[in-house]
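Protein chains in written order, with the UniProt record's numbering: chain H, 1 to 508; chain D, 1 to 508.
These are computed hints drawn from the structure, not numbers from a lab. No residue lacks a Cβ here, since even glycine has one placed at the ideal position from N, Cα and C. Check the hints yourself; a few may be wrong.
[Stated by the list, open to error] Facing chain D, from chain H, some residues (calculated, C-beta under 7 Å):
(1) Val14
(2) Met53
(3) Gly99
(4) Ala143
(5) Leu144
(6) Gly208
(7) Phe212
(8) Leu357
Letter by letter, the chains look like this.
2 protein chains.
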Amino acid sequence: MEKVREIVREGRRVGNEDPRRVVHAFKVGLALAFVSSFYYYQPLYDNFGVNAMWAVMTVVVVFEFSVGATLGKGINRAVATLVAGGLGIGAHHLASLSGPTVEPILLAIFVFIQAALSTFVRFFPRVKARYDYGVLIFILTFALISVSGFREDEILDLAHKRLSTVMMGGVSCVLISIFVCPVWAGQDLHSLLASNFDTLAHFLQEFGDEYFEATEDGDIKEVEKRRRNLERYKSVLNSKSNEEALANFAKWEPRHSVFRFRHPWKQYLAVGALLRQCAYRIDALNSYINSDMQIPMDVKKKLEEPLRRMSSESGKSMKEMSISLKKMTNSYTSDIHVVNSQSACKTLSTLLKSGILNDVEPLQMISLMTTVSLLIDIVNLTEKISESVHELASAAKFKNKMKSSSKSDAGSTTSAVPIKSYEGDSDDHHHVVTILGDVVTSNNEGQSHGESSVDSCHHVAIEINDDDSIHDKHEEDSNIHVQTSRVSCGHTNASDLLNSGDIKKIII
Amino acid sequence: MEKVREIVREGRRVGNEDPRRVVHAFKVGLALAFVSSFYYYQPLYDNFGVNAMWAVMTVVVVFEFSVGATLGKGINRAVATLVAGGLGIGAHHLASLSGPTVEPILLAIFVFIQAALSTFVRFFPRVKARYDYGVLIFILTFALISVSGFREDEILDLAHKRLSTVMMGGVSCVLISIFVCPVWAGQDLHSLLASNFDTLAHFLQEFGDEYFEATEDGDIKEVEKRRRNLERYKSVLNSKSNEEALANFAKWEPRHSVFRFRHPWKQYLAVGALLRQCAYRIDALNSYINSDMQIPMDVKKKLEEPLRRMSSESGKSMKEMSISLKKMTNSYTSDIHVVNSQSACKTLSTLLKSGILNDVEPLQMISLMTTVSLLIDIVNLTEKISESVHELASAAKFKNKMKSSSKSDAGSTTSAVPIKSYEGDSDDHHHVVTILGDVVTSNNEGQSHGESSVDSCHHVAIEINDDDSIHDKHEEDSNIHVQTSRVSCGHTNASDLLNSGDIKKIII
Chain H
1 MEKVREIVRE GRRVGNEDPR RVVHAFKVGL ALAFVSSFYY YQPLYDNFGV
51 NAMWAVMTVV VVFEFSVGAT LGKGINRAVA TLVAGGLGIG AHHLASLSGP
101 TVEPILLAIF VFIQAALSTF VRFFPRVKAR YDYGVLIFIL TFALISVSGF
151 REDEILDLAH KRLSTVMMGG VSCVLISIFV CPVWAGQDLH SLLASNFDTL
201 AHFLQEFGDE YFEATEDGDI KEVEKRRRNL ERYKSVLNSK SNEEALANFA
251 KWEPRHSVFR FRHPWKQYLA VGALLRQCAY RIDALNSYIN SDMQIPMDVK
301 KKLEEPLRRM SSESGKSMKE MSISLKKMTN SYTSDIHVVN SQSACKTLST
351 LLKSGILNDV EPLQMISLMT TVSLLIDIVN LTEKISESVH ELASAAKFKN
401 KMKSSSKSDA GSTTSAVPIK SYEGDSDDHH HVVTILGDVV TSNNEGQSHG
451 ESSVDSCHHV AIEINDDDSI HDKHEEDSNI HVQTSRVSCG HTNASDLLNS
501 GDIKKIII
Chain D
1 MEKVREIVRE GRRVGNEDPR RVVHAFKVGL ALAFVSSFYY YQPLYDNFGV
51 NAMWAVMTVV VVFEFSVGAT LGKGINRAVA TLVAGGLGIG AHHLASLSGP
101 TVEPILLAIF VFIQAALSTF VRFFPRVKAR YDYGVLIFIL TFALISVSGF
151 REDEILDLAH KRLSTVMMGG VSCVLISIFV CPVWAGQDLH SLLASNFDTL
201 AHFLQEFGDE YFEATEDGDI KEVEKRRRNL ERYKSVLNSK SNEEALANFA
251 KWEPRHSVFR FRHPWKQYLA VGALLRQCAY RIDALNSYIN SDMQIPMDVK
301 KKLEEPLRRM SSESGKSMKE MSISLKKMTN SYTSDIHVVN SQSACKTLST
351 LLKSGILNDV EPLQMISLMT TVSLLIDIVN LTEKISESVH ELASAAKFKN
401 KMKSSSKSDA GSTTSAVPIK SYEGDSDDHH HVVTILGDVV TSNNEGQSHG
451 ESSVDSCHHV AIEINDDDSI HDKHEEDSNI HVQTSRVSCG HTNASDLLNS
501 GDIKKIII
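Same shape as in the complex, but just chain H (with noise of 0.2 Å):
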């Protein structure tokens, strides 16, 4: 009784995770008992007979969860059936002519050598990842066929039969899965990446008062809850495979909503990858919130200001890219954040030149500096982010929305505007910003597959042009480089991130 209570509970539980499941069970069940008809209608059993099974199975293994699944899964299934149906017949003819004792002996090794093929195909990662399913129903109906014939001779009328029920099983499914409540795999992918930019959004603008504000001992459920919210783009790091099955089931899909035929799917892959990366930084600064109590308070708030802008600027420019990915349009506001959380990091490294920890003991120091390490690295992983969305806007054809004007927009390959720092901190001397390099907009055609994304992205390096010497010991240079230090956690091999040219300098 307490093991059925349970098991309620939990469809319950997965019912409420995603009420679209319920409404998949009813429309098997439905597509199922609709092809079991053929049984019963007179006329149509008449025509296929026992071959109505196979309509009855095709739905069974056909009918996935969402339509692209569903349409990849039939369209591999018919086209496997028809040619090796073709082929069946073909073994078949070929091994009559060799007369009755040869025959089976021939019609075996034909067998054995399509099995052993096929199989040994379906290793190739290629093959693997879009008609795997198709080559195994390759194998099943040209051994049924080539050897059912031996016994039928009315094997042409067979493989019609079979070939007819398949494919009414293989549209039922499909037409059902298009026409009922449908589940676009492009749309959730749509939707995923849109939500996992609002949780990494949400914890960087949180990280400020997590990390600098001591935590008093209140309301334990709200700190809980607090918490759990914060923890959300925990589900960000183990997207991948998810993403990747969504993308692959998103090709096979038609034009749908607002998705053209062929949308840019690959490039939601870049995104994603990136999103993730910038996840994992994440992570490891969510275990120095939790650690951090041996850093005393006064030391971090040395570096408060740079520290909290940079986050939370970051966290505001992803928040805009979500928001732009939803409307579907393609909006510049997301790069005033990423400039100012570039200036942020400038005021960091002023700070740091300053001498400010120069009596802060060095093992304290290591936790502090992987803390700006790491939020160095998501600064910079959120403009490669928010080229890579602008990289998927424009081949996925978004309605362009100019509103910053510190981004040409025209086709012009260099462009430098400067900008006033517009920071608040007491220094008289005012920094000019300018952005250096090669601002593409990519509308051109080469790009709209996207596969070039990843391999784009800009390595950004902060050059500090420091004339005022503050102070005198470092003299040796008035050149600081603060190279982004790559903690690159991540799936993505650094060294590609590294060797990818264009430059982009922001002299301050």
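Given the coordinates of chain H, assemble chain D onto it according to the supplied hints.
Below, chain D alone, put in the same frame as chain H:
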């Protein structure tokens, strides 16, 4: 023509990567040719008729690469066919009682309910992991039997024939996969883990040379080769899904070679997860080898000795663990290296405390400190991994091989073992390393499934009890806690690790 040559090349590559794939393809061909002979062999055909095709179908669908996967699918299919067959006959009988007009409607309702319920159950995570295929076959068989029964009245005979052909197909698959060049998923998992240890050990042992030796522009090919060798660790980053699949298959496998039936495969996953966490740190470290050109070598050299020792001793300890895994012995040699690497950690902190980095540019500190923090992390992870391997060894009943005297292996709950620090540093005052804490040898039966692995990871804090004040500026605390900085980029919940009790302190 070019295309064909490319396919052949790809085929050769796939075959060379794992020659067992070729063997597997032959095995499938063999099994399929064998069951096809049911059609030719007259007595068998007379008995089963077209139902012989179920044997063909079973072979195509059930025969998988490893024994475990084949057995799992075979058992799933057999049990599902049996249960669904029984229920289908029951449903058919129930419907037939209601008269010829209501019967088809009732049957359609049964099929609908059954399909909808089963499809929903497939979303349950636990069902999805192990019984997804079984539920699929359940839906299929129930629909086929209950519906086809509408026409044929020899339904019992049909069910019996179908079941026996499925059994024959399944048994042929299982027998061929076990007795013809078997591929054991368990063996594969075991080797994978050992080779993962090897690649990480290789990186850690080479890290010192790569990081501290200026890259002489010598033989580019040689450098390339060394780099490629070094970056083999990248395969560990993405090993999660592979390990989980293998462990899942291994659970289905019977006793084979040295593996018992209930071998603690789950513990392999726990060790694998820790290894992966270590690999994330290594990935981060690797990016510093490439990008740290801007840190002057003389700054790096200041910390060379302890950093080198930390990485090389961790590497040696992993090498030892790999050897003990391969030999299936429970060796404690690795523990010596763990202790060595921890003592190097201690030397490092003494060095840092001595103000050796006082004149280092703070911006250079960011990158250097992150490297330090990553290495401290790796040292701590190595200890956790070593504990996890010991747990695995005792759960799997590896042969004990005592070599180290630094850890008492008796069932004592607390042991304090003083070790003379054998650092070669110039300080005259020797430190005494005391290992306090629960050295529980986990020979108890309850852990035989290795479930408690991750939870029982000890939280290691290195507490430095510093009595001589080298520098006057740190008067406020003579007790400095080098809290291990948890740059937790991995998939394991950082706070889980924190919350685990059992703080093992090394008071130096």
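Evaluated hints:
Below 7 Å, beta-carbon pairs count as interface contacts, and H:Val14 has one with chain D at about 5 Å; its hint therefore holds. This hint holds: H:Met53 has a C-beta 6 Å from the nearest C-beta of chain D, less than the 7 Å allowed. For H:Gly99, the interface hint is violated, the least distance from its beta-carbon to any beta-carbon of chain D being 14 Å, above 7 Å. Satisfaction of the interface hint for H:Ala143 is found here, the shortest Cβ-Cβ separation to chain D being roughly 5 Å, below the 7 Å cut-off.
Restraint check, H:Leu144 versus chain D: the minimum CB separation of about 6 Å is within 7 Å; hint holds. Because the closest C-beta pair between H:Gly208 and chain D is about 19 Å apart, greater than 7 Å, the hint is violated. A least Cβ separation of about 18 Å between H:Phe212 and chain D goes past the 7 Å threshold, and the interface hint is therefore violated. Among the interface hints, the one on H:Leu357 holds; its C-beta lies about 6 Å from the nearest C-beta in chain D, closer than the 7 Å criterion.
In summary, the numbered hints that this structure violates are 3, 6, 7.
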